[in-house]
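Peer 1: Residue numbers (my numbering), protein chains in the order written: chain H, 1 to 265; chain S, 266 to 416.
Keep in mind that the hints were calculated from the coordinates and are not lab data.
Careful, some of the hints might be misleading.
Stated by the list, open to error - Subject to a maximum C-alpha distance of 27 Å in a straight line, what follows is the list of computed DSSO-like cross-link-like pairs (lysine-lysine):
id, chain 1, residue 1, chain 2, residue 2
1, S, Lys-348, H, Lys-159
2, H, Lys-159, S, Lys-406
3, H, Lys-90, S, Lys-388
4, H, Lys-90, S, Lys-348
5, S, Lys-348, S, Lys-362
6, S, Lys-412, S, Lys-358
7, S, Lys-388, S, Lys-348
As the list claims (entries may be wrong) - So the derived list for chain H, only partly shown, Cβ under 7 Å to chain S, looks like this:
id, residue
8, Thr-2
9, His-6
10, Leu-9
11, His-96
12, His-97
13, Leu-139
14, Ser-158
15, Gln-172
16, Gln-175
17, Leu-228
18, Gly-229
19, Tyr-231
20, Leu-233
21, Thr-237
Each residue gets a CB set at the ideal place from its N, CA and C atoms; glycine is no exception.
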Amino acid sequence: VTRAFHWFLHAEGSSRPAALVRVGLALIAWSRLAGGMMPIQGASPERLLLGAWFYLSSLALFVGFRSQLAAFLLGAQILTLRIHYGFGEKVEPWTHHHIHALGLATILLSLAPCGRSYSLDRWLALRRGERPPERGNVLGMHLIVVLLSSIYLWSTYSKGTIAFFQGDRMAQILQTVILGSDPLPPAGVWAMRLVSWGTLLVEPFLAVALWIPRLRLPAVLVGIAFHLGIYYLLPVTIFTATTILLYLAALDPDEVHAFLDRMQQ
Amino acid sequence: MIRVLRVVVGSAATLYLLAGPAMPQVFGAHTRWWPSWRMFTGYGLDLCSVRFTDGVTGEPIDRLRALGHDHLWEASASERTLKDPAAVSRQVKAICKKQGLDDVRVDAFCAVERGWVHVATGKENACVVSTDTLVEGRDAKRPYRRKKKQP
């Protein structure tokens, strides 16, 4: 337990996975939030300031300039959008869970060495004649995996109803999306039950398996398939891309580094 | 110093991320300050699952074919998916008119969070009755509670 605690808090690893997550999160933030931050959406000084905060911090995160600070600033803004504007000012789209996941992941990235690879920070250091190591404390990446586990565990908890277990909720969702109001045949009812039971097994499996080295890769592959399936059927917007991107935090950073080296040879 | 900071920040963040959702999801607190991972719990509830029958012959009616669609995907979303008893009633009346039917019976289950509510059992002729009568003494809106009888 002591070793695990020490590893969780103090382990060091390659900064490349954190850098890739950094670039990905900036792109996802742009795709979901940039439109709402344009002056055309509101030209009050407050909204202009909000837009400047968003565009500057997300651009800094994307190019890797003062990367950890940029991650903190962008994450803080996304959480502010949710807490203050979403709930306080009733901007409902900003209250959604995918916004919260994006904000939490971005702010947690500020605790990872996301600027030591693939970044303007690194390029500037190299120009100064320094050779900063592509390594650092990866607590932020571990916390991102905690976030993923929490999402899966509490999502399973929310599905712990008889209606979900019997397949009724899954049938209702799929009938709404595609199948329509005609009653499902018995085989369809059973298919809905199997999909529901599969979901109730997959989510807790992912929550745990992302922490177990031997199960990590299968978990990531199962998770990608699971999220792509949901993406195909439901309007989950950026949640799929965010989750799949965050799987990078679950992988051994040094293995990712070595893999990238092999790919670049 | 930095190690102590990591212990404090790492422990606090882990606690918030793992236990925080308990506040809204178990104890009912507002989700403003807490993470909550209840995805699509309210999705798919605007739906009634229906079976139409010719009240004279007892033959089942293929509702989309009766409206002139050969395939599911040819129907508009509002024809394919009936979101509430009022939509069911409207569609039945359209079918009655288009097919020249005098009596169509409806067996309808409408979605609620705990599963389905059997809102119509075919007692009424849906070609002529209103939505309120079609739902056989229930509210025509979710959660489709049975109305109290007047003394």
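Peer 1: Classify the hint on H:His-97 as holds or violated, based on whether any CB of chain S lies nearer than 7 Å to its CB.
Peer 2: The hint holds - H:His-97 has a Cβ within 7 Å of chain S, the shortest such distance being about 6 Å.
Peer 1: Restraint: H:His-96 near chain S, CB-CB cut 7 Å. Satisfied or not?
Peer 2: violated, 9 Å
Peer 1: Quick one, is the H:Gln-172 hint okay against chain S at 7 Å, beta carbons?
Peer 2: With Cβ-Cβ at 4 Å, under 7 Å, it holds.
Peer 1: Taking the closest Cβ pair, is H:Thr-237 under 7 Å from chain S?
Peer 2: With a closest approach of 12 Å, the H:Thr-237 hint is violated.
Peer 1: H:Leu-233 was flagged as interface toward chain S. Is the shortest Cβ-Cβ separation under 7 Å?
Peer 2: violated, 10 Å
Peer 1: Are S:Lys-412 and S:Lys-358 close enough, with their CA atoms no more than 27 Å apart?
Peer 2: With Cα atoms ~24 Å apart, S:Lys-412 and S:Lys-358 stay inside 27 Å; holds.
Peer 1: Would you check whether H:Leu-228 satisfies its interface hint, that is, whether its CB is within less than 7 Å of any CB in chain S?
Peer 2: With a minimum Cβ separation of about 16 Å from chain S (threshold 7 Å), the hint on H:Leu-228 is violated.
Peer 1: Holds or violated: H:Gly-229 as interface residue toward chain S, Cβ cutoff 7 Å?
Peer 2: Violated, about 13 Å.
Peer 1: Please verify that hint: H:Leu-139, Cβ, nearest Cβ of chain S, below 7 Å or not.
Peer 2: holds, 5 Å
Peer 1: Interface hint check: H:Thr-2, Cβ to nearest Cβ on chain S, cutoff 7 Å. Holds or violated?
Peer 2: violated, 12 Å
Peer 1: What's the verdict on H:Lys-90 and S:Lys-348, does the C-alpha distance respect the 27 Å limit or exceed it?
Peer 2: Given that 27 Å is the threshold and the Cα spacing comes to 26 Å, the pair holds.
Peer 1: Verify the proposed pairing of H:Lys-159 with S:Lys-406, using a straight-line Cα cut of 27 Å.
Peer 2: Between H:Lys-159 and S:Lys-406 the Cα gap is close to 24 Å, so the pair holds against 27 Å.
Checked against the numbered hints given earlier, the structure breaks hints 3, 8, 9, 11, 17, 18, 19, 20 and 21 and satisfies all the rest.
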